[in-house]
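Trainee: The sequence shown maps to residues 1 to 456 in the working numbering.
One thing to keep in mind: the hints can contain errors.
Unchecked claim - Restricting the straight-line Cα-Cα distance to at most 30 Å, the calculated cross-link-like pairs of lysine-lysine (DSS-like) are: (1) Lys241 to Lys187; (2) Lys187 to Lys166; (3) Lys214 to Lys187; (4) Lys214 to Lys241; (5) Lys214 to Lys166.
Keep in mind that the hints were calculated from the coordinates and are not lab data.
What you are looking at is a predicted structure, and each value in this text was computed from that prediction instead of being measured.
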Amino acid sequence: MNRHSRHAKTRRTRNKNRARRPDGARSAHIVAPGGEENRSSVNISGGIITTGGGNIVGGDEIHIDQIDITIQTPSDGMRSWLVSEPRLTWFPLSDAFEENGPNLFLLLRWDFRLVDTLYGREDDLQAILNWAQGGSTTATARLISGPGGAGKTRLAASAAGILQSKGWSAGFLDKRSDVGDPESAAKGRFLIVDYPEEQPQRTAAVLEELAEIKTAPYPVRVIFLSRRPFETWEREASILKGRLGRQELAALAPLTIEQGLLLIAEAARTFADHARRPAPDLGAAVEWLGMSEIHRMPLYATAAAIHAVLSPQEAFGLGGPELLRQLALRELGRVRNTSRALGLGEEGLERLLSLGVLANGLNEEAVRNLVGSRICGTEVTTDDVLSAIAKVPWWNRGRLMRLEPDLLAAAFLDRALFSSFPQVELNFQTGSSWRSSEIRRHLSIGSVEFCMTSIW
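Put together the whole structure using the sequences plus the hints.
Mentor: Pasting the structure below:
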């Protein structure tokens, strides 16, 4: 394979220092140790970093410091996104139990595995593994569809974990992945693209590049996780000429009542043990599960188990949406206590976290701009805020992380931001289905503007 490596550094460039092209794209430049610059080889537009050798799917900054960069030539047929090392990280459940109480966002995330068993998805998991290990080295893709909270991400991650244990390079295709060596994936590559409808430019780039790769030295499998059904992807995926299959590999439905009850029992038992609380009475769980299909989605069933431990007198007495609102309120109380303790006022931290939901997290520069717009009030300075948020569990690698899972984050956002900012003007553009409707919001606060797509 024809490739070469370079040691490189980049200058960290702020938005205000970047050259702005007429089409709205930004440019960046890589500086080699000897000082040689290439100002035209890297362009940034819409979350896609375009280079001479293909697209690196990522954010709008490049930070390279004395590391090896593998550069693929077009003749290799292996584009940069394909050789990006996928991400698959599982966290210890104990990390979700912090000094000031359990972190409900972490407990409901797939990668903390409050519920270790994959209830009701055994056949779907086997279908994914059979496809991935089908023997052909033809690069193919498949779709897993289902509403929010159905367990798409956990299912795909479980498959990736099994393949990883068999020597595959498997996990999520991350915007900020490092470039890896394709020869390290002798058994195969299994790449997960989560919610491709929320990143249309990136998804188009992945489909385009996958279409160019007919065969590879090993099986290449890309799986898309979407709230949209298969037929809505047929036009975009036509470039693959049938390599997306003829239907979803898995269309996730609600669990049965029996499966939901097993999930609730395991979640309640595990959470109660870690939180050192009594196990709740599950007598009303069967009736609650039968009230709505939403209640039998894994996320809602897990939330009901947590709520039953925290509020045993109200166990299984709330509908799905109200249940998430109550958990969001509990988490809001924790955030406000932390905010006051750090000198950010009662609402400073919650506003930053809420805006991070809309903007896919906030980097240091975004925090500076927001503080300058007095989002945290008039009595705190930028330096005060940056010093304070560096101490919170939501700050990681110079970035305020986006709250997850999405449904709980939406409930938090509704209570923390939209209820406390009556002056915010929102424009909605809704789709035709409540399951797949995309709501595009334009939020202006002072001089700071955000454009984002959120799924409700």
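Trainee: Checking against the hints above, which ones are violated?
Mentor: none
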